[in-house]
Amino acid sequence: MNRPARAGARATVVRSRGREADMAAAQRSARIVRRAVRRHFVRPAARTWKLRYAPHLAYPNLQHPLFVESAGSADPVDQIKFFADLGFAGIEDNYLNLRPVAEQARIGRALERHGMEMGCFVNMVEPRNPPLWGARDRATRARLLRELRRTIDTARRVGGRFLTTSAGRDPRVPLALELAGMAENLRELVPVAEKAGVIICLESTSETRVPGRLLHHVLDAYGVVKAVDSPAVRLVFDVFHVQVMDGDVLNNLARTWDGIATLQIGDNPGRAEPGTGELNYPNILRFIHKRGYRGLVGLEHLLSRPGLAGERQALELLRGIDDAI
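When you line the sequence shown up against our numbering, it's residues 1 to 325, in that order.
No wet-lab data here; the hints were simulated from the structure. Hints are not guaranteed to be accurate.
[Unchecked claim] Using C-beta positions, here's what the derived DEER-type ranges look like:
#: 1; residue 1: P127; residue 2: T48; range: 37 to 45 Å
#: 2; residue 1: P211; residue 2: A139; range: 22 to 30 Å
#: 3; residue 1: D248; residue 2: G212; range: 22 to 30 Å
[Said to hold, decoys possible] In silico lysine-lysine, BS3-like type, Cα no more than 27 Å apart, as pairs:
#: 4; residue 1: K290; residue 2: K226
#: 5; residue 1: K226; residue 2: K195
#: 6; residue 1: K50; residue 2: K81
#: 7; residue 1: K50; residue 2: K290
Predicted, not measured: the structure shown is a model, and the values here were computed from it. Here a beta-carbon is modelled for each residue, glycine too, at the ideal position from N, C-alpha and C.
Construct all of the structure, not just a fragment, from the sequences and the given hints.
Given below as structure tokens:
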């Protein structure tokens, strides 16, 4: 090899080593920040959260859960360990039904090991969300029953009870008839749900964010719950969705209180972490705390800032809100 070639090779090696050194430094920095997050937020023995918060394993998606950078992994078992270290009471996972059975079982074992509760997961994960729940034909009802039984099997693997249920809307059918049809279908499924010890949780969602649904208003969902009249059919009260569609959050909490199984939080606009938008979360969470709510409060939100800094900010804001309750 001639001299210029040897010099070029040495320069390439130097650049490569420089890039490797930069990558190693970045990884060390990330580890330092993660350790700082853990040191800052791991609960002291004498201190507890005032409410039972449940971060999300699959929000916004399976590949990028809520605190993936802080936990150092998207693996659900690693995530659960991180949440347990922070003193959280449980988890949520919208897409649990899409995970392999073996992974569902791993999640269940991890929750049991850390003494945590499985919160909401979606009963029927349907990207197009067809208008099934308001239909009255036998074939549709049979499909709803099959899906419920499959979800009950998933629930058993993780020790879960709360099955988030969202219904598609058929614009050709009057709303009142579809709501009545949903109540009829739920009454048919109630014996199966009650026997399994699960709760079908109806969720009203915002029309701008999740269009084409049957339940866009919390009082419509509450009306179906009351029509079915079973402890196996209740509400998941999503504060973000209620604020967008109906507002009047505290009054709507009071109106629907006897029908609520679990709650989820996120701020508006943007469904970012509580404390970044218009909702007064100290007042909202103080309200449910004073009423004796002991269920999970799902952290189903995005982050207003990306990366570790955004995750740390979300945890700091939550701690401040919880302190103010």
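Among all the numbered hints in the text so far, which are the ones the structure does not match? none
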